[in-house]
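Numbered continuously in the numbering used here, the sequence shown closes out at residue 195.
Hints in this document: simulated from the structure, not taken from any laboratory.
The model shown is predicted, which means the values in this text are computed figures rather than measured ones.
Possibly wrong hints are sitting among the right ones.
[Stated by the list, open to error] Keeping only pairs whose Cα atoms sit at most 20 Å apart, straight-line, the calculated EDC-like set for lysine to aspartate or glutamate is:
1. Lys42 - Asp121
2. Lys141 - Asp121
3. Lys111 - Glu123
4. Lys115 - Glu182
5. Lys42 - Glu123
6. Lys189 - Glu150
7. Lys189 - Glu171
8. Lys141 - Glu168
9. Lys129 - Glu168
10. Lys141 - Glu128
11. Lys111 - Asp149
12. Lys111 - Glu63
13. Lys115 - Glu171
14. Lys42 - Glu139
15. Lys115 - Asp153
16. Lys42 - Glu168
17. Lys141 - Glu171
18. Lys141 - Glu123
19. Lys111 - Glu180
20. Lys189 - Glu139
21. Lys129 - Glu63
22. Lys189 - Glu168
23. Lys189 - Glu97
24. Lys115 - Glu97
25. Lys129 - Glu139
26. Lys189 - Asp149
27. Lys189 - Asp121
28. Lys111 - Glu139
29. Lys129 - Glu171
30. Lys115 - Glu180
31. Lys111 - Glu171
32. Lys189 - Glu128
[Unchecked claim] Ranges between beta-carbon positions, derived for each pair:
33. Lys42 - Leu151: 25 to 31 Å
34. Pro55 - Glu150: 17 to 23 Å
35. Val43 - Pro157: 20 to 26 Å
Glycine included, every Cβ here is placed at the ideal spot set by N, Cα and C.
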Amino acid sequence: MVSITKVDSGPGYRIVLSPNCSISWRELVLFYLATCLIALAVGLFFTLQGLWLVLPFSGLEMLALGAGLYLTSRKVYRKEVITLDAEYTRIEKGVQRVDQSWEFKTPWVRVIDELPDDRRPRRRLAISMYGESVEVGSFLANSEKEALAFQLKGCIIRV
């Protein structure tokens with residue numbers, strides 16, 4: 037998902053990139069709790085039948101499911117923020133806080149848009165200056181990357 041806003045404090049733009057998310061955190065937790073209740077009911081049923089080993093393995097399954105859902109949701113809630121102004125272009129990546137940050141001088145920035153080919157099926161979009169480049173929107177679909185490249189080039193020209 038791409039969202040572009042104009043910065044209030046002067047000529048500039050803020051572009052926020054995030055993966056598509058089909059379920060909210062609250063809904064994910066409710067799904068997990070419902071699944072745990074069902075697994076507990078099945079495990080207790082078999083434990084009462086004398087098959088006591090089903091309950092611990094059912095608990096292990098729910099623990100593995102919870103870990104998988106948590107790790108997957110962390111990837112979904114990451115963000116990339118590109119801030120363009122007349123002097124600097126800042127790129128910040130992270131989940132809930134900035135984990136990585138880059139800063140380039142806007143007049144020297146260029147957008148690299150590498151189309152998919154036989155070796156690479158996905159389009160690669162990067163912002164670079166003097167040989168250093170940072171890939172942006174790696175989680176976006178090729179059509180979204182194409183639109184983002186067009187918008188980035190337009191924002192850089194307008195700043």
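Each hint, compared with the structure:
| no. | hint | in the structure |
| --- | --- | --- |
| 1 | Lys42 - Asp121 | holds, 10 Å |
| 2 | Lys141 - Asp121 | holds, 9 Å |
| 3 | Lys111 - Glu123 | violated, 31 Å |
| 4 | Lys115 - Glu182 | holds, 19 Å |
| 5 | Lys42 - Glu123 | holds, 15 Å |
| 6 | Lys189 - Glu150 | holds, 14 Å |
| 7 | Lys189 - Glu171 | holds, 15 Å |
| 8 | Lys141 - Glu168 | holds, 12 Å |
| 9 | Lys129 - Glu168 | holds, 16 Å |
| 10 | Lys141 - Glu128 | holds, 15 Å |
| 11 | Lys111 - Asp149 | violated, 24 Å |
| 12 | Lys111 - Glu63 | holds, 17 Å |
| 13 | Lys115 - Glu171 | holds, 13 Å |
| 14 | Lys42 - Glu139 | holds, 19 Å |
| 15 | Lys115 - Asp153 | violated, 27 Å |
| 16 | Lys42 - Glu168 | violated, 26 Å |
| 17 | Lys141 - Glu171 | holds, 17 Å |
| 18 | Lys141 - Glu123 | holds, 6 Å |
| 19 | Lys111 - Glu180 | holds, 18 Å |
| 20 | Lys189 - Glu139 | holds, 17 Å |
| 21 | Lys129 - Glu63 | violated, 25 Å |
| 22 | Lys189 - Glu168 | holds, 18 Å |
| 23 | Lys189 - Glu97 | violated, 48 Å |
| 24 | Lys115 - Glu97 | violated, 30 Å |
| 25 | Lys129 - Glu139 | holds, 12 Å |
| 26 | Lys189 - Asp149 | holds, 10 Å |
| 27 | Lys189 - Asp121 | holds, 13 Å |
| 28 | Lys111 - Glu139 | violated, 24 Å |
| 29 | Lys129 - Glu171 | holds, 11 Å |
| 30 | Lys115 - Glu180 | holds, 15 Å |
| 31 | Lys111 - Glu171 | holds, 16 Å |
| 32 | Lys189 - Glu128 | holds, 18 Å |
| 33 | Lys42 - Leu151: 25 to 31 Å | holds, 30 Å |
| 34 | Pro55 - Glu150: 17 to 23 Å | holds, 20 Å |
| 35 | Val43 - Pro157: 20 to 26 Å | violated, 35 Å |
In summary, the structure is inconsistent with hints 3, 11, 15, 16, 21, 23, 24, 28 and 35 from the numbered list given earlier, while agreeing with the others.
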